[in-house]
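J.: Chains as they are written, first to last, in numbering that gives the first Met the number 0: chain A, 0 to 267; chain B, 0 to 389; chain C, 0 to 300.
Calculated from the structure, these hints are not laboratory results.
Please note: incorrect hints may appear among the correct ones.
Counterexamples of contact, computed for chain A against chain B with all Cβ distances above 10 angstroms [stated by the list, open to error]:
hint, residue
1, Trp-132
2, Arg-157
3, Ser-225
Derived contacts from chain A toward chain B, CB cut-off under 10 angstroms, selection only [what the hints assert, rightly or not]:
hint, residue
4, Phe-154
5, Asp-155
6, Leu-165
7, Ala-172
Virtual Cβ for every residue (Gly too), placed ideally from N, Cα, C.
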Amino acid sequence: MKHSRFAGIVLLLVMLFLYLPIVVLVANSFNLSRYGGEWAGFTFDWYVKLFTQNQPIWEAFERSLLIAATATVASCVLGTTAALALHRWKDRLQTVHYGLIYTPLVMPEILMGISLLMMFTAIGLGCGLFTIWIAHTTFCVSYVTMTVLARLQDFDDRVIEAAYDLGASPLYAFFKVELPILLPGIVAGGLLAFTLSIDDFVITFFVTGPGADTLPLKIYSMIKHSRQMPVINSLSTLMLVFTCVLVAASRLVANRRHRRPAAAKALK
Amino acid sequence: MDLASEFLVFDHVTKRFGALTAVDDVSFSIKKGEFFSLLGPSGCGKTTLLRMLGGFERPDSGRIWLDGKDITDAPPNIRRVHTVFQNYALFPTMTIWDNIAFSLRLAKKPKAEIEESVDAMLEMIRMGDHAWKYPSQLSGGQKQRVAIARALVDRPQVLLLDEPLAALDLKLRQHMLLELDTIHDQVGITFMYVTHDQGEAMSLSDRIAVMNSGRVEQLDTPAKIYEAPVSSFVAAFIGDTNFFEGTIVATDGDYCTIQVPGFAAICAYNDKKLDVGQKVHLSVRPEKIRVTLTPPPPEKGARINVFQSQVTDVIYQGVYTKYWLKSGDRSVSALKPHSRFLLDQETITWNDNAYCWWHPDDGYMVENFSALDESLVQTTPSAAPKGAVS
Amino acid sequence: MSSFREKWAEWGVTLPSLAWLALFFVVPTVIVFGIAFHAPSADGGYSSGFTMETWHAVVRTPYKEIVWRTIWISAATTFLCIVLSLPCAYAIARMKAKWRAIVAGLIMLPFWTSFIVRVFAWRTLLNPDGFLQHLLVSLGLCTPETMLNYNSGAILVVSVYSFLPFAIMPIYTAAEKFDFSLLEAARDLGARSFFAFRKIFLPGVRRGVVSAALMVFIPAIGSYVIPDLVGGRDSELIGNKIYQRTFPDRNLPHASALAAVMGFSVLVPLACVAWWFKRQDAREAKRLAEATARKLSGGAA
Chain A
0 MKHSRFAGIV LLLVMLFLYL PIVVLVANSF NLSRYGGEWA GFTFDWYVKL
50 FTQNQPIWEA FERSLLIAAT ATVASCVLGT TAALALHRWK DRLQTVHYGL
100 IYTPLVMPEI LMGISLLMMF TAIGLGCGLF TIWIAHTTFC VSYVTMTVLA
150 RLQDFDDRVI EAAYDLGASP LYAFFKVELP ILLPGIVAGG LLAFTLSIDD
200 FVITFFVTGP GADTLPLKIY SMIKHSRQMP VINSLSTLML VFTCVLVAAS
250 RLVANRRHRR PAAAKALK
Chain B
0 MDLASEFLVF DHVTKRFGAL TAVDDVSFSI KKGEFFSLLG PSGCGKTTLL
50 RMLGGFERPD SGRIWLDGKD ITDAPPNIRR VHTVFQNYAL FPTMTIWDNI
100 AFSLRLAKKP KAEIEESVDA MLEMIRMGDH AWKYPSQLSG GQKQRVAIAR
150 ALVDRPQVLL LDEPLAALDL KLRQHMLLEL DTIHDQVGIT FMYVTHDQGE
200 AMSLSDRIAV MNSGRVEQLD TPAKIYEAPV SSFVAAFIGD TNFFEGTIVA
250 TDGDYCTIQV PGFAAICAYN DKKLDVGQKV HLSVRPEKIR VTLTPPPPEK
300 GARINVFQSQ VTDVIYQGVY TKYWLKSGDR SVSALKPHSR FLLDQETITW
350 NDNAYCWWHP DDGYMVENFS ALDESLVQTT PSAAPKGAVS
Chain C
0 MSSFREKWAE WGVTLPSLAW LALFFVVPTV IVFGIAFHAP SADGGYSSGF
50 TMETWHAVVR TPYKEIVWRT IWISAATTFL CIVLSLPCAY AIARMKAKWR
100 AIVAGLIMLP FWTSFIVRVF AWRTLLNPDG FLQHLLVSLG LCTPETMLNY
150 NSGAILVVSV YSFLPFAIMP IYTAAEKFDF SLLEAARDLG ARSFFAFRKI
200 FLPGVRRGVV SAALMVFIPA IGSYVIPDLV GGRDSELIGN KIYQRTFPDR
250 NLPHASALAA VMGFSVLVPL ACVAWWFKRQ DAREAKRLAE ATARKLSGGA
300 A
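Let's have the full structure, built from the sequences with the hints guiding it.
T.: Laid out in structure tokens, this is it:
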């Protein structure tokens with residue numbers, strides 16, 4: 000009893016610790032004071048500045064979206080095939096395959112960043128959007144694979160056998176039966192990949208080239224040069240809202256399956 | 000065996016997994032429209048046999064013929080043999096309606112025909128109201144019915160059922176047994192039913208193949224398998240039995256006398272005309288043994304086997320009471336059905352001295368036996384409560 | 000024939016991801032390791048001759064100092080994260096199912112927001128003109144001259160903040176499966192509450208704790224953004240040095256050697272944990288087999 004209360008208090012303090020910087024940041028985005036030490040009055044100025052005077056931020060944002068979208072698509076394809084192979088076969092090839100998928104998950108990002116940079120330098124590939132796309136796809140593949148693999152392990156393989164049994168060819172069974180079952184896993188993996196790609200700083204930092212700054216790189220350089228700190232606050236607040244909406248949306252997608260029968264009935 | 004004229008033929012089929020021989024040189028044939036069961040303990044090879052017929056495994060040697068065609072090497076999607084899987088294996092992303100329509104859509108049947116067939120199937124399994132639900136919203140019994148409908152809708156040549164009732168509870172299982180029987184009568188398709196539950200097999204099948212370690216031990220009608228088992232394995236696996244192992248010491252017309260070490264001499268019906276000196280296992284089913292406090296009246300016949308014994312355990316099980324008796328060095332189990340509760344015959348309780356007796360015609364001699372089969376015979380009361388019904 | 004086709008199918012499905020990762024993960028890793036054996040060249044690349052010079056440099060100061068600092072800050076971060084996570088995981092696991100999902104979601108939510116933004120928030124928070132300094136001064140806990148930012152302490156706080164969710168989640172997952180009636184049983188038998196926690200709850204979630212330690216230690220070792228934004232000149236970590244050698248100094252062999260050092264300091268604990276998990280699995284399997292055997296022999300007797 001006493002113990003539970005102690006644990007509860009620690010949990011409460013930890014939650015405070017986790018949200019304090021975020022709350023202060025959001026508050027400061029509406030704070031007239033330039034340095035945010037104390038409350039100087041409410042203002043929308045920083046948001047107005049963000050939208051009217053900061054074209055480079057929006058260009059960087061567009062680049063981030065482009066890379067995240069393309070890297071998500073590529074990693075979903077690679078990750079899904081990888082998960083299928085890992086689930087279906089259990090031989091030495093798959094042991095090696097699994098090792099390759101797993102290791103990037105436990106390697107510090109900076110190592111992947113520097114090694115890719117060294118390789119691009121060695122083969123003389125100029126860094127830019129293309130190299131960023133390669134890097135992002137590489138680290139996203141592992142996450143998508145793991146998500147899809149978890150989904151595959153959840154469902155009964157006999158379902159595929161049942162499809163063959165009823166006359167389906169392997170291709171038909173894959174597209175009509177297996178893929179629909181995997182889709183929630185692929186979507187979840189894709190959302191994860193998209194979030195990780197949009198958010199990635201360290202790897203991108205190493206493999207970026209002139210004119211290829213993504214949003215996190217842009218924010219970093221603004222922080223580094225102490226330029227327009229309050230504008231970063233307002234931008235960050237918008238990003239927080241954006242992420243929350245995305246997370247909520249993915250939760251809704253995950254729960255959608257339970258409500259579909261009613262919709263199907265209504266259609267008929 | 001004329002391969003071409005039989006409907007479904009297993010011809011010397013063998014399948015190995017590494018060092019293990021799952022199916023060992025099995026040959027038998029099945030008639031068209033028959034309800035056929037493969038019965039055996041887990042690991043006896045029955046599921047492997049079924050999967051070879053479904054096309055999911057290929058035999059190492061031997062052929063499988065269906066309706067005059069060799070289907071041994073045909074992939075599952077080519078053969079018109081459908082399976083009802085143990086865990087139903089319904090497509091989770093499709094509605095019940097779409098699940099059932101799956102094979103018809105694959106065959107590119109006209110839309111009107113698909114609708115007609117699927118609705119007819121839904122009607123048959125009484126699931127019309129659930130057509131637009133998803134499998135996750137159904138109960139076990141409902142899923143099972145859908146799985147059967149999905150496999151039957153395009154009229155396969157053979158329907159394979161792989162332990163279809165194993166995941167259901169007892170009441171539902173009994174209900175589904177009746178339903179399966181009705182469906183089989185309605186559609187007239189050949190059913191091949193795999194189970195480890197002798198009750199299911201006995202109540203449904205036209206014929207049963209009892210399998211043990213990769214071989215078919217006996218293939219016969221349910222009654223024959225119960226009453227005239229060819230081996231001690233079959234006798235012990237199908238229902239409960241008492242085994243008396245001994246040697247024939249005298250023959251007398253249709254009857255013979257068996258000397259059982261540690262027990263008395265037993266008289267048994269000698270249908271196989273075995274000679275003196277033959278070692279045999281005599282199987283006597285518990286329900287055929289009467290237990291009374293007084294000896295049987297003499298008019299029951301001179302040959303009757305009567306033994307004095309002491310009651311060591313009494314287990315009341317509703318429908319009947321099971322007695323464990325000690326006679327000589329032997330423990331004998333006997334069942335006594337209750338016809339008139341309380342008014343019933345004299346009460347027999349623990350430690351009573353009672354007579355157990357049976358007619359020589361009720362014992363059945365088995366000359367094939369192996370030591371391993373002993374484990375199948377219930378020897379301790381603690382293992383008894385499951386009873387002989389299941 | 001069919002196994003031949005099966006082999007083709009397997010390669011067909013495996014090859015895309017296998018080839019991609021071989022090309023963009025294995026090859027670059029090998030290259031990095033290789034470059035560490037060359038000398039830097041004047042044009043910012045590396046010369047072709049083989050040398051051990053880089054490795055000699057790595058084991059001397061100031062590199063040695065940086066490597067040690069990285070390891071102790073990472074170890075301290077890991078320790079603090081675990082100490083904070085244990086009561087949190089315990090508290091969440093004892094909640095009702097509905098609340099559990101909500102609180103676990105709230106703990107993970109900051110993780111979904113931009114990492115760089117979170118570090119930036121701390122930078123402003125720890126700023127001499129920032130909220131925290133004002134708060135602490137008014138509480139009399141520090142003077143206006145105290146520097147909260149730009150030192151190892153700041154790195155530690157922000158690291159704990161950033162990696163805490165990674166520690167809470169695995170321990171919480173393990174705690175969720177923990178049978179809490181064991182604790183009640185222990186207390187019923189007279190154990191003091193902390194004793195019960197230490198002797199029963201802690202061993203019950205030890206797998207979660209070990210995973211959590213790994214999940215925190217690895218990114219802490221590889222940290223770059225945190226020491227760069229809230230660390231000072233004398234609190235550089237390996238990550239900063241790799242960056243500095245790669246870009247401003249353009250000394251690729253030194254950067255490569257440092258990357259290799261970082262790789263090893265991650266691989267060693269990783270291998271230990273993998274070995275430990277394997278041993279635990281083997282023990283559990285053995286125990287299970289023994290129990291089954293005992294049951295079987297008991298049933299036969």
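J.: Look at each hint and say if it fits the structure.
T.: Here is how each hint holds up against the structure:
1. Listed as a non-interface residue, A:Trp-132 keeps its Cβ farther than 10 angstroms from every Cβ of chain B; the least gap is roughly 32 angstroms.
2. Distance check for A:Arg-157 against chain B: the nearest CB is about 4 angstroms away, which does not clear 10 angstroms, and the non-interface claim fails.
3. Even its closest Cβ contact with chain B, about 53 angstroms, leaves A:Ser-225 beyond 10 angstroms, as expected for a residue assigned away from the interface.
4. Interface hint status for A:Phe-154: upheld, as the beta-carbon distance to the closest one in chain B is roughly 7 angstroms, under 10 angstroms.
5. A hinted interface residue such as A:Asp-155 counts as satisfied when its beta carbon comes closer than 10 angstroms to some beta carbon of chain B; here the least separation is about 6 angstroms, so the hint holds.
6. Restraint check, A:Leu-165 versus chain B: the minimum CB separation of about 4 angstroms is within 10 angstroms; hint holds.
7. Interface hint status for A:Ala-172: upheld, as the beta-carbon distance to the closest one in chain B is roughly 8 angstroms, under 10 angstroms.
Hint 2 alone, counting from the list given before, is not met by this structure.
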